[in-house]
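Undergrad: Starting from the structure of chain A, add chain B where the hints point.
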Amino acid sequence: MTVLDVKNLSVEFQLKKGRATVIRELSYSIAEKEILGIVGESGCGKSVTSLALMRLLPENGRITQGNIRLGNTELLALSESEMEKVRGGRMAMIFQEPMTALNPVLKIGDQISEQILAHEERISVAEAWERAIEMLKLVGIPSPQLRVHQYPHELSGGMRQRAMIAMALSTRPQFLIADEPTTALDVTIQAQILQLIQEVQEKFKMSVQFITHDLGVISEIADRVLVMYGGLLCELAPSTTIFSQPRHPYTLALLEARPRLGKKVERLKTIEGTVPGILERPTGCPFSNRCPRALPECAQLLPDETHISSQHVIRCFNPEPKP
Amino acid sequence: MLRYIFFRLLQTVVVIVALSFFCYLLLNLMPGDPVEILIQSNPKMTPEDIQRLRELYGLDRSIWEKYSAWIGDILKGDLGYSRTYRVPVSEILLPRLGNTFILSLSALLLSLFIAIPLGILAALRVNTKVDYLIGLFSFGGISTPSFWLGLMLIIIFGVQLKWFPASGTYSIENPDNWLGRIPYLVLPTLTLSYLSVGRFIRFTRSSMLEALKNDYIRTAIAKGLPRTKVIWKHAFRNALLSLITMVTLSFSGVFSGATITETVFAYQGVGKLVYDSILGNDFNVAMVSFMISVSMVLLFSLIADLLYSLADPRIRLH
Numbered sequence: 001m002t003v004l005d006v007k008n009l010s011v012e013f014q015l016k017k018g019r020a021t022v023i024r025e026l027s028y029s030i031a032e033k034e035i036l037g038i039v040g041e042s043g044c045g046k047s048v049t050s051l052a053l054m055r056l057l058p059e060n061g062r063i064t065q066g067n068i069r070l071g072n073t074e075l076l077a078l079s080e081s082e083m084e085k086v087r088g089g090r091m092a093m094i095f096q097e098p099m100t101a102l103n104p105v106l107k108i109g110d111q112i113s114e115q116i117l118a119h120e121e122r123i124s125v126a127e128a129w130e131r132a133i134e135m136l137k138l139v140g141i142p143s144p145q146l147r148v149h150q151y152p153h154e155l156s157g158g159m160r161q162r163a164m165i166a167m168a169l170s171t172r173p174q175f176l177i178a179d180e181p182t183t184a185l186d187v188t189i190q191a192q193i194l195q196l197i198q199e200v201q202e203k204f205k206m207s208v209q210f211i212t213h214d215l216g217v218i219s220e221i222a223d224r225v226l227v228m229y230g231g232l233l234c235e236l237a238p239s240t241t242i243f244s245q246p247r248h249p250y251t252l253a254l255l256e257a258r259p260r261l262g263k264k265v266e267r268l269k270t271i272e273g274t275v276p277g278i279l280e281r282p283t284g285c286p287f288s289n290r291c292p293r294a295l296p297e298c299a300q301l302l303p304d305e306t307h308i309s310s311q312h313v314i315r316c317f318n319p320e321p322k323p
Numbered sequence: 001m002l003r004y005i006f007f008r009l010l011q012t013v014v015v016i017v018a019l020s021f022f023c024y025l026l027l028n029l030m031p032g033d034p035v036e037i038l039i040q041s042n043p044k045m046t047p048e049d050i051q052r053l054r055e056l057y058g059l060d061r062s063i064w065e066k067y068s069a070w071i072g073d074i075l076k077g078d079l080g081y082s083r084t085y086r087v088p089v090s091e092i093l094l095p096r097l098g099n100t101f102i103l104s105l106s107a108l109l110l111s112l113f114i115a116i117p118l119g120i121l122a123a124l125r126v127n128t129k130v131d132y133l134i135g136l137f138s139f140g141g142i143s144t145p146s147f148w149l150g151l152m153l154i155i156i157f158g159v160q161l162k163w164f165p166a167s168g169t170y171s172i173e174n175p176d177n178w179l180g181r182i183p184y185l186v187l188p189t190l191t192l193s194y195l196s197v198g199r200f201i202r203f204t205r206s207s208m209l210e211a212l213k214n215d216y217i218r219t220a221i222a223k224g225l226p227r228t229k230v231i232w233k234h235a236f237r238n239a240l241l242s243l244i245t246m247v248t249l250s251f252s253g254v255f256s257g258a259t260i261t262e263t264v265f266a267y268q269g270v271g272k273l274v275y276d277s278i279l280g281n282d283f284n285v286a287m288v289s290f291m292i293s294v295s296m297v298l299l300f301s302l303i304a305d306l307l308y309s310l311a312d313p314r315i316r317l318h
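Sequence order for the protein chains is A and B. Using our numbering, the letters of the first sequence map in sequence onto residues 1 to 323. Using our numbering, the letters of the second sequence map in sequence onto residues 1 to 318.
Each hint can be trusted.
27 Å max Cα-Cα, derived DSS-like pairs, lysine-lysine:
hint	chain 1	residue 1	chain 2	residue 2
1	A	Lys-107	B	Lys-229
2	B	Lys-129	B	Lys-213
3	A	Lys-107	A	Lys-137
4	B	Lys-233	A	Lys-107
5	A	Lys-85	A	Lys-33
6	A	Lys-17	B	Lys-213
7	B	Lys-213	A	Lys-107
8	A	Lys-17	B	Lys-129
9	A	Lys-33	A	Lys-7
10	B	Lys-129	B	Lys-229
11	A	Lys-137	B	Lys-233
12	A	Lys-85	A	Lys-7
13	A	Lys-33	A	Lys-203
14	B	Lys-233	A	Lys-85
15	B	Lys-229	A	Lys-85
16	A	Lys-205	A	Lys-137
17	A	Lys-85	A	Lys-203
18	B	Lys-213	A	Lys-16
19	A	Lys-16	B	Lys-129
20	B	Lys-213	A	Lys-85
21	B	Lys-213	B	Lys-229
Everything labelled a hint here was simulated from the structure, so no lab data went into it.
The following block holds chain B by itself, in its conformation from the complex:
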């Protein structure tokens, strides 16, 4: 088991390094560089100035040189400097990661909290009105665009009813009051969770239906077990096996941000930061965020495999 984890981690590191180069390459393919943005804001610059700035920033070097300098710094723990925000990347990224983490985690937990009971209910009442209503609700979630839903929630609850702030992350007077953040979280959390709730409902329903079809369910009933025990202990335990993988993999998204929803609500999360930094040629911020997203996906797929082997006695990793 430990050996397995070690080799998987090793594999993960190799994949991260390979992907980091690929991302770096893609970012460099983008037209324009930071100096061009400087030119636009300062028309008095001479071509000599431009050449000097390019050399100063190292933009005239080859991609190999630039990449090896970047990854060397990363390995030393230096994440670089944000050109747009004029602060070290870690200083801008860490609070944003925190914001995104709070938003995405509450959205994920809320959608699971709604989806699992509804999915089980739909499976137990398969092909009845209850099942169709839950199906309608979940397909609604799958097909509703987040920018539309976000705007509707802002119009209804932010503008008309004034129950919650229409946008923002925290109140300016009191940014450190964590409880004061809750009203700002409600609408984006609802938007984000409705997006994933449909997927989770359909998945829970189908794995529960699958589990209920098994012979051991009939055995459990034939043993005289009460219905709740048959459903939760025998059917749900087995349905959980496929849910574990999906839920764990969804957790990796908690760190990569939800660009559209964060933008609609002007929420200061990673998704919006990455979007802004790509547009603003702020490579260092974009690269570090990419690396975090990539590592999280890989890490959580490893965790999913480990959890799966813990939950299913038939699978033991070697």
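This is chain A alone, in the form it adopts within the complex:
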């Protein structure tokens, strides 16, 4: 069963120098209990995609076309007050910066319970606080009865991210968006948080959209991977396929640019050039100016999404040969 279905989504930003299409005709879906990883360099549109799903785009951003269905609900057709019920209710989000994503002047318990109270009608404040303690315990925060009365600055970065997760899960959402939840944390803490997300995903049978620029993280957690570049889908396939038989030149370049243990290389491979600014993108494939396999037409024409197998989609005129 499909939990999230995104079709033909385009997002545009109004900038001082003109309009920029930040997401172009993006389509993907996430099944029940599935973790979809979205990878790509900074500026490829990963975070904008998540914000678009939550309808939290900044004021100069606008969804120009497409559909976002959560279960049987078309999110783009909802009114703002109906959307408030979905946000933090059926669909929750955790953010990159646990240091700044929590309100510094409100107690942890207050911040968790207010979300529960906003979504559940027949619950008292005391019960909501009780649930907050329960949630903190669930995400592995020691002495939750004490922590619930503390303020964010009294918790370490890893603890705060756990509290954020507790908050997101407090309303038992069916779909969780995790926007680089481990990027701002120490490596050891990263592993714990990843493990926690996997545990709660299984426990609550949630579908997760996990955003990161770290392929190592993706390989650990994701069932399927969506590789994005310049606001476009480059490649979408099960994780094993992405890591063993990548077909899009960008996916391959990303994989080769990561350091691996036990493999001696003279110098780590890099991808030449930088992501083009959103106003300077080529009319064709946005990767064409950095792509080693670019054909003359690549800069002019945008390749269509092609199913090269039932589970494997790419958008490329000249894909890597099948290994």
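TA: Just chain B now, with coordinates in the frame of chain A:
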């Protein structure tokens, strides 16, 4: 916390004593003394009379002697005698302090009552017509001189429309009727509050904009909280932190008077009293009023710090 308050109070006392000497010194630097004013009103005085009066009033003593005599009396609770009004300072000062307190407090509350909602509205509608209109209104308040605004209000509402008395503090027939004072308060309150409302609006707007930019606002929206809750509970609570300091510090002005506005409306407040007493060489009145203003500024800055630490859990005083 108590230790902190104790040391701050101690510090405050030291500063007050130092400032009192400084003010005393400045007042003594002024040309002329009370005896010279007496000479002007009584040309028949002989130089011997003048010398006798100087010795009688202690005006021939050194500044040190005069100051230590003054502060000694103050510490004993004797505020001295007003030369111009011919009554003890406390007798003239206390009712004036009361008048000023009523006027300044109502002006402060009125301007906050207008400024905070307008400041928040401007922040929520940033860079729209609403924001620009509120900006125009607040810059008007910042740049309008109080004597001009006071006179305009007197001409329009006092002289032409006759809605409110043009000046004064209370009606002579009935000085103890507190409700009867309200009409006298309206115009000076409006004048005074329009002066500060602009500053408060700009301040509320900028701290609200600052608060709204934070990541936790996005978190609050992502939690599905209703907009009013995001604005008041999450954004305003944080904007309040910087407002507390400014508002508390403004409270110290409630006791020091608004000289220009009080003079324009012939309102019997401290500001006008201090002005008159400096001109009239009435040192005792001027000094006590100075001391009250100085103590209030220091006291309210301490209160501001304490309130700030109560409102912001990240700050705990030691």
